[in-house]
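Let the sequences and hints guide you as you build the complete structure.
Protein chains in written order, with numbering that gives the first Met the number 0: chain A, 0 to 419; chain B, 0 to 419.
Wrong hints could be hidden among the right ones.
Copies of one chain are not kept apart here, so a pair can be met inside one copy or by any two copies together.
Stated by the list, open to error - Simulated crosslink set (DSS-like; lysine-lysine; CA at most 30 Å straight-line): (1) 392 <-> 185; (2) 85 <-> 186; (3) 23 <-> 144; (4) 69 <-> 144; (5) 69 <-> 186; (6) 185 <-> 22; (7) 126 <-> 348; (8) 23 <-> 215; (9) 185 <-> 85; (10) 85 <-> 144; (11) 69 <-> 215; (12) 22 <-> 144; (13) 126 <-> 69; (14) 144 <-> 126.
Treat the hints as calculated values from the structure; they're not laboratory data.
The residues making up each chain are set out below.
Protein chains: 2
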Amino acid sequence: MAGNQPPRVVIVGAGFGGLAAAKKLADQPVEVTLIDRNNHHLFQPLLYQVATAGLNPSDIAAPIRSILAKQENCRALLAEVTGIDKESQQVLTSVGPFDYDYLILATGATHAYFGNDHWEEHAPGLKSIEDALDIRRRILLAFEKAELAESEEERERLMTFVVVGAGPTGVEMAGAIREIATRTLKKDFHRIDTTTQSQVILIEAGPSVLPPFPPKLQRSATEQLFHMAVDIRTDTRVTDITDAGVTTTMGFIPAETVVWAAGVAASPLGRELADDCDRSGRCPVTADLSIDGHPNVFAIGDVASVVDAESKAVPGVAPAAEQGGEHVVACIAADLEGLQRPTFIYKDKGSMATIGRSKAVAMIGNKIQFGGTAAWALWGLVHVASLISFRSKVRTMSSWIWQYLTDQRNARLITGNDEL
Amino acid sequence: MAGNQPPRVVIVGAGFGGLAAAKKLADQPVEVTLIDRNNHHLFQPLLYQVATAGLNPSDIAAPIRSILAKQENCRALLAEVTGIDKESQQVLTSVGPFDYDYLILATGATHAYFGNDHWEEHAPGLKSIEDALDIRRRILLAFEKAELAESEEERERLMTFVVVGAGPTGVEMAGAIREIATRTLKKDFHRIDTTTQSQVILIEAGPSVLPPFPPKLQRSATEQLFHMAVDIRTDTRVTDITDAGVTTTMGFIPAETVVWAAGVAASPLGRELADDCDRSGRCPVTADLSIDGHPNVFAIGDVASVVDAESKAVPGVAPAAEQGGEHVVACIAADLEGLQRPTFIYKDKGSMATIGRSKAVAMIGNKIQFGGTAAWALWGLVHVASLISFRSKVRTMSSWIWQYLTDQRNARLITGNDEL
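Printed below as a string of structure tokens:
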């Protein structure tokens with residue numbers, strides 16, 4: 000600390016973890032600087048809805064400045080962090096260096112291609128609004144091109160959509176693409192029949208969809224996807240992706256549109272903090288979420304590899320990041336009062352995935368597990384409640400009510416269209 | 000006509016004119032092909048709202064396929080038209096040639112820089128959703144950069160916004176940027192005061208704002224802009240635009256953000272139809288809106304230069320395009336029944352421009368002219384009523400009600416952000 004100055008807390012990343020920490024610090028005698036390379040906080044669980052033209056970007060994103068406007072001790076900055084100097088205690092950014100007394104790294108994860116980065120061009124992932132709009136454009140354009148296709152073969156390839164990875168994101172994308180094809184677009188084309196002629200193939204390397212979920216819910220999800228005519232291919236690994244399609248251990252699939260939902264890697268900034276990051280780039284943290292040897296440097300959320308005080312490996316989900324952020328604030332508060340820091344214990348509040356219009360699976364703790372319409376309603380409520388601004392809640396609810404009643408999706412624009 | 004086949008009508012452009020013609024042809028024994036290089040119909044009068052983060056793109060755009068889904072005799076195609084062969088009666092496109100028995104060119108206008116195309120990079124126009132999102136990003140980023148500016152000089156340059164051209168578009172943009180600065184963002188920044196430190200300069204080569212409007216309304220608009228602290232500079236011409244700012248006949252203005260609302264040129268396809276297009280590229284048409292010597296080829300809307308049967312020069316406004324489209328259908332219908340074609344007479348239904356939250360000017364015919372809140376309410380109603388889908392109407396109304404009550408704008412995202 001510099002003399003009488005309040006301690007400077009620098010938070011990198013305004014996702015679930017970083018924002019939770021920033022807001023919780025409102026009552027502490029510190030000065031907070033929250034740095035993000037975007038001007039908005041993104042509600043990632045609903046990105047797949049933007050990607051499938053169901054919601055607008057602004058329905059699931061809120062300007063960081065708005066969220067923090069009333070918080071006197073916090074300023075938000077739009078900048079790219081280029082490095083971290085633990086010795087001089089500085090964060091290096093595109094707009095200059097920032098000194099810190101405490102640093103919280105909360106930069107999350109990005110998609111990973113297992114060493115095959117050249118696949119990214121043909122199979123975008125889904126981590127940002129730009130990703131979602133890119134995928135949206137590809138899906139809508141594929142149908143437009145199919146309408147004009149000269150050959151049966153070409154038309155089939157254009158109407159084949161492959162989703163790689165059957166975790167929650169992949170399952171949700173697969174279900175939503177089927178919905179567009181079977182409901183939204185079904186009357187819009189003259190030469191193609193989107194309902195019967197399009198196919199969605201969901202590829203999973205492991206033996207089941209939704210790997211982290213219990214078997215009962217895996218079965219429920221599989222059944223619901225089957226009823227939606229999603230072609231599930233488990234125990235299948237992708238070996239190559241080109242603009243012609245996807246090569247797998249079970250053969251080649253000609254496909255115009257491929258979405259990557261199979262792997263994540265931690266933000267590269269994790270490696271600025273530690274030398275012993277794991278294979279995904281996540282940096283290991285101690286029991287209070289600080290970096291070994293640097294008690295004033297913390298890592299939370301998807302960029303950190305956390306095993307909590309009850310020896311539970313903490314999953315890369317939003318509630319875990321938020322709890323991590325709040326825990327770091329508890330540590331800082333303890334420091335300022337000369338008390339001992341608490342250790343981190345993760346409270347699992349349950350998981351959910353939605354599979355289209357009125358189907359979902361949900362579990363709460365390890366006991367309550369259910370699927371179908373009840374799960375879907377709960378999923379909807381939880382997600383809307385979690386959206387950060389009242390405005391987003393109202394707009395998202397109304398978008399979904401509209402979609403449910405009319406089968407129309409609200410954001411069917413092809414924008415940024417250079418190729419025709 | 001090819002034997003027993005119904006006549007094939009090809010319409011290029013799904014703006015106000017092309018869409019009006021397509022829909023009106025529903026009752027005719029023809030086959031319609033509507034070609035556009037975007038998948039959506041755009042309500043251009045509200046583009047400035049997208050550019051100033053007040054509305055989402057999907058609020059003012061509707062998928063063409065949805066609009067025409069129920070029309071059996073019309074198909075929509077996503078393609079770029081590359082040429083027109085009047086001899087073989089073919090439209091050449093990025094997906095192949097299309098034969099026509101009737102052709103309607105309705106490709107509208109784009110922005111023009113009076114021979115200085117290199118200005119476009121620094122001063123985008125406002126004709127498409129991509130334009131609007133580009134301008135939105137520039138405006139929001141300018142404030143973000145100003146927050147971090149090192150010098151007074153740099154901060155002032157970053158918070159200076161220049162709008163070139165004081166027609167309705169320029170006036171609306173200028174007012175809306177002042178609104179963002181004085182209402183929406185006023186609490187969001189710590190180092191800058193957006194209300195007192197930002198300035199919006201509206202440059203107009205002629206002697207008054209809103210050149211096509213009567214003097215009484217010009218005065219009303221000037222007064223309202225003055226109250227919003229928009230700096231109006233008439234009798235001022237732009238001579239250069241660089242990334243540092245704008246050079247005018249009255250001196251240099253350092254400015255980060257420049258919006259071009261000063262000149263339009265007809266779509267280049269006009270020159271495919273006629274050799275004697277005017278200086279803006281608009282092609283001349285005969286009394287029934289067909290091209291001289293080619294009675295089965297029509298041009299309507301901003302791509303055409305129209306003087307109607309009462310010798311009125313027809314302005315480049317949406318109602319004129321729609322009336323043109325409907326007139327062409329009347330001509331085709333007359334042909335099919337062996338009757339004489341009607342001549343085109345334009346009915347002026349009035350003009351409007353809005354200048355921020357509760358101010359506007361409006362005139363109906365040449366008699367009723369009024370400004371202020373009543374005009375603004377009327378403007379709102381007319382624009383919402385004109386939006387093509389019920390969904391857009393509801394969303395836009397709710398966005399505006401929200402904005403009015405809370406000063407929050409609904410789409411404050413910076414997306415597609417490569418530069419930081």
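- prompt: Under a CA distance limit of 30 Å, which applies to residue 22 and residue 144: within one copy, between copies, both, or neither?
  reply: Between copies only: 24 Å across, 47 Å inside.
task: Indicate which option fits the pair residue 392, residue 185 if close means a Cα-Cα distance not exceeding 30 Å: within, between, both or neither.
output: Result: close both inside a copy and across copies, 29 Å intra and 24 Å inter.
query: Given a CA cutoff of 30 Å, do residue 185 and residue 22 count as a within-copy pair, a between-copy pair, both, or neither?
result: between (45 Å within a copy, 20 Å between copies)
- prompt: From the Cα coordinates, with 30 Å as the cut-off, is the pair residue 69 and residue 215 best called within, between, both, or neither?
  reply: So residue 69 and residue 215 fail the 30 Å test inside a copy (46 Å) and across (44 Å) alike.
- prompt: Between residue 85 and residue 186, at a C-alpha cutoff of 30 Å, which is it: within one copy, between copies, both, or neither?
  reply: This pair counts as neither: shortest intra-copy Cα distance 59 Å, inter-copy 34 Å.
query: 30 Å Cα cut-off: does residue 185 pair with residue 85 within a copy, between copies, both or neither?
result: neither (57 Å within a copy, 36 Å between copies)
query: How would you label the pair residue 126, residue 348 (within, between, both, or neither) given a Cα cut-off of 30 Å?
result: Within. Shortest intra-copy distance 23 Å satisfies the 30 Å Cα cut-off; inter-copy 48 Å does not.
- request: Indicate which option fits the pair residue 69, residue 186 if close means a Cα-Cα distance not exceeding 30 Å: within, between, both or neither.
  value: Answer is between; shortest inter-copy Cα gap is 8 Å, intra-copy 48 Å.
- prompt: When no copy is named, should residue 23 and residue 144 be tagged within, between, both, or neither for a Cα gap of at most 30 Å?
  reply: between (50 Å within a copy, 27 Å between copies)
query: Taking 30 Å as the upper bound on the Cα-Cα distance, should residue 126 and residue 69 be classified as within, between, both, or neither?
result: within (28 Å within a copy, 37 Å between copies)
field: Within, between, both or neither: residue 23, residue 215 at alpha-carbon 30 Å
entry: neither (37 Å within a copy, 56 Å between copies)
- prompt: How would you classify residue 144 and residue 126 at a CA-CA limit of 30 Å: within, between, both, or neither?
  reply: Cα proximity of residue 144 and residue 126: in one copy and across copies (26 Å, 25 Å).
The structure fails hints 2, 8, 9, 11 (numbered hints given earlier, in ascending order).
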